[in-house]
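With these hints in hand, go ahead and build the complete structure from the sequences.
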Amino acid sequence: MADNGCGFPAPGLHSFLFKPIVTVGGFEFNKVMLLALLTSLVVVTFFTMAFGKAKVVPGKLQMIGEAGYDFVRRGIVYETLGKREGEKYVPLMVSIFFFVWIMNIWSVIPLAQFPVSSIIAYPVVLALIVYVIWVTLTFKRHGFVGGWKNITGYDNSLGPIKWLVSFIEFFSNLLVRPFTHAVRLFANMFAGHLMLVMFTVASWYLLNSYMIPAAGVSFVMTAVMILFELFVQAVQAYVFVLLACTYIQGALAEHH
3 MADNGCGFPA PGLHSFLFKP IVTVGGFEFN KVMLLALLTS LVVVTFFTMA FGKAKVVPGK
63 LQMIGEAGYD FVRRGIVYET LGKREGEKYV PLMVSIFFFV WIMNIWSVIP LAQFPVSSII
123 AYPVVLALIV YVIWVTLTFK RHGFVGGWKN ITGYDNSLGP IKWLVSFIEF FSNLLVRPFT
183 HAVRLFANMF AGHLMLVMFT VASWYLLNSY MIPAAGVSFV MTAVMILFEL FVQAVQAYVF
243 VLLACTYIQG ALAEHH
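Each residue of the sequence shown is one higher than the one before, starting from 3 at the first, in the working numbering.
Treat the hints as calculated values from the structure; they're not laboratory data.
The C-beta atom is built at its ideal place from N, Cα and C for all residues, glycine as well.
Treat the hints with care, since some could be wrong.
[What the hints assert, rightly or not] Lysine-lysine pairs mimicking DSS-like chemistry, simulated, CA-CA at most 30 Å apart:
hint, residue 1, residue 2
1, Lys85, Lys62
2, Lys90, Lys142
3, Lys151, Lys90
4, Lys55, Lys33
5, Lys151, Lys164
[Stated by the list, open to error] Label-pair ranges, simulated between beta-carbon atoms:
hint, residue 1, residue 2, range
6, Pro112, Leu166, 51 to 59 Å
7, Glu87, Leu177, 23 to 31 Å
8, Arg186, Lys55, 33 to 41 Å
9, Met51, His16, 49 to 57 Å
10, Thr47, Asp157, 48 to 56 Å
Right under this line is the structure:
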């Protein structure tokens, strides 16, 4: 934490920097990487335990797993892509949803207390995976010429402005789209964590001063922020997968 001159350890960009836990051959392994690894283990372990020995009459863990799986499958994938086209993408979208959600939820877990997706590298990698799938599907479904028409929105009926529209669509789809897909998740988690840290630190700071009543207000705001963050964390996982499905739907559509 940085001291702003009044003794208050204000949070800032330094709140997102961590010293390496271990360094091997110049490679630094830090807390964020550990949480990302734990996220993968949590997701894989949960679904293995839930469906490894699936029963006709499901137990509690299987019921929870089925509820989560069906939420993504029916509520996002089927609604966007339809059952016939969407079924093959359900495992990928379920994996992305829960991976993003668990990455986010570390923010409110004691000792962890940090959302992995507030480090932009992780949303960027996930967005690039979706981007590669989208571009590949576009050219696979429409061919080389048709693929470019799908991406650029080229349409002769637009007359003289067709080239301007194509340029804008090309720039928007191939360059802006993956950037906004990643940044949307990153920015929400970054801002949320910064606010949560600020109110948490402020509570302790005020509690050790003569402004104890203000500490109570700050503590209440911390609790409110935690509840709000829990909501935002789930929403951001939902939005990330929804956009991924929307992009794939656009690749499969006959007309851009």
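Here's how the hints hold up against the structure:
no. : hint                           : in the structure
1   : Lys85 with Lys62               : holds, 27 Å
2   : Lys90 with Lys142              : holds, 16 Å
3   : Lys151 with Lys90              : holds, 25 Å
4   : Lys55 with Lys33               : violated, 33 Å
5   : Lys151 with Lys164             : holds, 11 Å
6   : Pro112 with Leu166: 51 to 59 Å : holds, 54 Å
7   : Glu87 with Leu177: 23 to 31 Å  : holds, 26 Å
8   : Arg186 with Lys55: 33 to 41 Å  : holds, 38 Å
9   : Met51 with His16: 49 to 57 Å   : violated, 38 Å
10  : Thr47 with Asp157: 48 to 56 Å  : holds, 49 Å
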